[in-house]
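Engineer: Fit chain D to the known structure of chain F by using the hints.
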Amino acid sequence: MSMKTYDLLGERLYTYRLANGLPVFVMPKPGFCKSFAFFATRYGSVDTRYRAGGGWKETPAGVAHFLEHKMFDLPDGDNALQQFARTGASPNAFTSHGMTAYHFESVSDFEENLRLLLRFVSTPYFTEESVAKERGIIAQEIRMIEDHPHSQLFERLLGALYERHPVRVPIAGTVDSIGQITAGTLYDCHASFYHPANMCLCAAGDLDGARIAAIAQEELPASRGDAAVSDTGEETGDAAYRHDVSVAMEVSRPLFALGFVCPPPDGGVASLRFELLAELAMEAIVGPSSPLYAQLYGEELINRGFAHGCYRAPGMFMMFCMGESRDPDRVRALLFEEAARVSRQGLDGDLFARLKRAALGARLRDLDHPENTCHMQADAYFLGCDYFAFASLFEGLACDMAAQLLASSLVPGRSALSVVRPPATP
Amino acid sequence: MEYFRQQLFPGVALTSLRTEKFKTGVLSLSLLRPLSRRDAALSALTPHVLCQGTASDPDISALSRRCEEMYGARLEPSVRKLGEIQGVGFTVDFVDDAFLPGRPEQLTAAARLLGDVLLRPAGGGGGFADGFVEAERGRLAHAIAATKNNKATYATQRLLECMCHDEAYGVNMLGDEVSALAIEPDALWAHYREMLASSRVELLYVGPQPAARVAGALADALSDLPRRESFAEVGTEAVSRAAGELRRFEETMQVAQGKMAIGARTGVTAADADYPAALLAVEIYGGFPASKLFVNVRERLQLCYYASAKMEGFKGLMLVSTGIDREAGEEAQQEIFRQWAHVQNGEISAEEMSAARLSLRSRLRVLTDGPHSLENYYLGQAAAGLSMGLEKLADKIGTITVEQVARAARRATWDSVYFLGPGGNGPCR
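Those protein sequence lines, which keep their order, are chains F and D.
Counted the way the numbering used here counts, the first sequence spans residues 1 to 426.
Counted the way the numbering used here counts, the second sequence spans residues 1001 to 1429.
So that you can see chain D by itself, here it is in the shape it has in the complex:
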């Protein structure tokens, strides 16, 4: 895979990953905004409204027809939480020319589609088309409310909202329902124009086309993008927490199986030299089927149906998720903490170390086998101002020692426990 990064316009960078492995080309555009309670819903709503139509394809039927003509290209609005940065924009994926009859210029067509959707909305120039904002704000509010349909995701989201309540990280990337419903067309238009001019823009391409061709197609398609002299500052503040009293949150919901989510501050982010060791620590602890949580909490003690841990590298958090009965909660929590203490004390067998290392390296390498996983990883790197390649990170994992794992793990402190289940004490806060 060849990696190219270049500035197209002021504040507009293209990361191009050329590989012959895929039949698919993926092109994405993200405006980077500081995640904030005030603007989250406005920013999240914008790409959804823009995906309703363009000046040349004025409604969703026309825009869908355009995608179908491109052999079923898929245009999706995207809203991503990259630490305390909200990335909003679009992704287009499409079959590359080489696999289609007559070799149509799919990349050029996809770049034009992105440019039209971003810069030339339906409605004539002074505002969005009538009714688009009203309809989409309702859908956004429903999407926010629908998070609770998946109990495991909901529990993790609520843990983060409670635990990082006073930080930008605690803000839902889609905003909140009340703010979403209150968005007026004029206010959204003003926000959209402001975002266009003042946001850093990250463009990503994954596919077989050479970087120069990608850059040429995008430079044409985005030549009308308004640019200011300086751009909205974005970044993520890692927060450390002194070891101390654990915060507890509970919420009642009529579910057959309770969910417990536990959060820790790792003190280590993706920019830190200890990051590969911290990633490996979390892997040993709860990242795969031979991890300490899986083997002990699930298999040996059978305290829960699942128990796993994952690292959030932008903000420096570790999140433990379990499906559990209330009665087992206390015992499971003690065991979850005990297993982490083992990692911190370096009580890690040679087999555990080797299996976790292999598992983590495999997982990182496998990310290079999917166009979307590549796009997502490298967008995260670009947004955070990093340029650690997946192969390089995988190689580093191979050199980490037990002592380095334990030392990285000791930098972490437990912060909060959140429980979702029947018969709790009401909502948190």
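So that you can see chain F by itself, here it is in the shape it has in the complex:
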């Protein structure tokens, strides 16, 4: 066991490593009623092509998400959701491009719920009949996502930015692709990705870390297993595949997302540093106190919902901004102009120092949400670092680094504009 104290953050992180390779992270949250556990595997929707048992395997789009749905089935015909419900715990799960996570929140019976979480995620049980039934449910979910303008906006942006990287395919797959998933596919993927050395367990609350590690040791398989290796294709992040995509949907006015591909950072703490830098750079060029924001807001090209940031998954990294606008093309043109100006003149040093302060404050505030902190820690572990390292990284970020990143990234060749526009009036 190791314990690290992050004085600046007022946080402690206990780390236990089990013999089977699973790391267990525990973050004490004194005074909280709820406890939270988060069990994740480094397996997401982009892992459709992977090497296991000596050969390459290709799986249909949407398997990771399908598997997430089916994991809740238990061999005795019961369902883990119902079992959690018996103690009042709220369980949930999600699949992202790079991770599948199962978690619960409870105010009582934490140990019982933790055992259930570990057990159901490590016990595959699928039948052709139950897989067929789930296809209908997931097809409904896919249709619901099709009605969700922001999901469509973002999915289509990724599809435009990347020509081959599997991030371009929707996380849930398509009605066609999930039609090819069988119980056998699910067993294979579970065997390839759901073993302790490819996973991590995070917990936060008023908790006893050693107890949690001991329970994990008892409930999980003793062997490490051989982790599968995924191939997300060769894409350098030097150029966007397409520069414009648009679709008509039932929205009140156009929504837009403007993205810029970047070469993915190497991993480890360098990735976390790069992410902080990219966020600060976007904040500096288009955040609420920037000159460009004042212009966009003044010309009524954006509203308060306008957002910006960066997004990464294994093998990809992009910076983006998104919002509602009467004229997304004009937003794009103004952003390019401002990036060119930054490229010539650099960024305002006072602005950058102030934004670092604000970014530190925003991340500190976020630590009040233990569920987010667990998610961040799992994500950072899969990158190869501890999440709380962020606090010491700000110091090393300089204004000219952000200016250079903007100058090299916010250029037409690396960009794509995704628009969801209202249907044409007849």
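Among the hints, a few may not be true.
Stated by the list, open to error - Derived list of chain F stretches under chain D, where covered just means 3 residues or more per stretch with a C-beta under 8 Å from a C-beta of chain D: (1) 239-252; (2) 290-301; (3) 356-363.
Claimed, not checked - Which bits of chain F does chain D cover? Going by a derived footprint, with three or more residues having C-beta under 8 Å, they are: (4) 84-95; (5) 143-152.
Quick caveat, the hints were computed from the structure, so don't treat them as lab data.
We put the beta carbon where it would ideally sit given N, CA and C, even for glycine.
Structural biologist: Only chain D this time, still in chain F's reference frame:
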């Protein structure tokens, strides 16, 4: 957690919730207005215009800089529907001094920010700065129109507008697009001055600072607040409905998945002794993954992708939401009604009862773990003139019997069904 409530000025009350759990302090200010068709857009627009700048920070860039200096404090205009009360104002959240280098006085700075935004708008005193109102009214109109982007929220909102059309509750808290676009700067200024003087004001603080310090900071920051001798009356009228013919509304929209929203009058509000039992009834019915709607309508019969129910405690309503295909609509509706009849008849197993009780108590307790959820809950209590603590409510849930659940459920009557989907019969009304 320590709870303090005190009057700061006439008609201005502070609720202070002191807890060491969080790194964040949350401070909010709400002017309470009677929700009305005439004024909803005017009141909703006011905090948005005020958040564009103050006398000392005359535009959005300057105001954003001020927030960034405070380690990224977040100032947001807020418009909330608290039953038939429209709460308009601001929320500031900020990292507490203890976690920052040099321990800057964040609470004092946040209180000053609230005071400046509310009382000292950019523009010089006789009116709002040029162009602010024109720009923000357009954004408000867009925000109103944008509700339809989220089909599930839109369906619930439309159900309420149709079902409570003749009541204040049927008014959209943001107002309507036409009224928003018609707001002139002079009229808004007059409305703003009137609101300042004549509204009851609720202040909320959640964080580690002692109540006396919070009260001192706010009393300084708000010392210029004009006050009249009496204040606009606010409250919510619960409406009961005799069991009878169900009202039906349909709206056409090109969507892949239809939405059905169903509303009932529970006859029970948060002020009623039966409220904890009614909350539990709705939980058993459709509040969590082992509820009757989830288990039967979604899992067993697979009539829809989701089906859930929730209680609206200010007005006394129960709202059922589903994502569904038109063909399945009739069968799903019958099953939704049948499951509620089971609750009303007390056909509730010991497991259902125990799981629902645990789920609801957990959900209430978990609200005490978030600064914003605490702030929101206690603002609702204050606006409704109640003071039921979350822990106490959670404890009461633990003592409710099946008979009490059934009796509370029997006070409810179905009112309206709203369907949103392709190929309907056109808009309601």
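Engineer: Confirm or reject the coverage of the region 143-152 of chain F by chain D under the rule of 3 or more residues with a beta carbon closer than 8 Å to the chain's beta carbons.
Structural biologist: holds (count 7)
Engineer: Check whether three or more residues of the region 290-301 of chain F sit with their beta carbon closer than 8 Å to a beta carbon of chain D.
Structural biologist: It holds, with 7 qualifying residues against the three required.
Engineer: If you look at each residue in the region 356-363 of chain F, do at least three have a Cβ nearer than 8 Å to any Cβ of chain D?
Structural biologist: holds (count 6)
Engineer: How does the region 239-252 of chain F fare against chain D when you require at least three residues with a CB closer than 8 Å, holds or violated?
Structural biologist: holds (count 3)
Engineer: With a cut-off of 8 Å between beta carbons, are at least three residues of the region 84-95 of chain F near chain D?
Structural biologist: holds (count 8)
The structure shown violates none of the earlier numbered hints.
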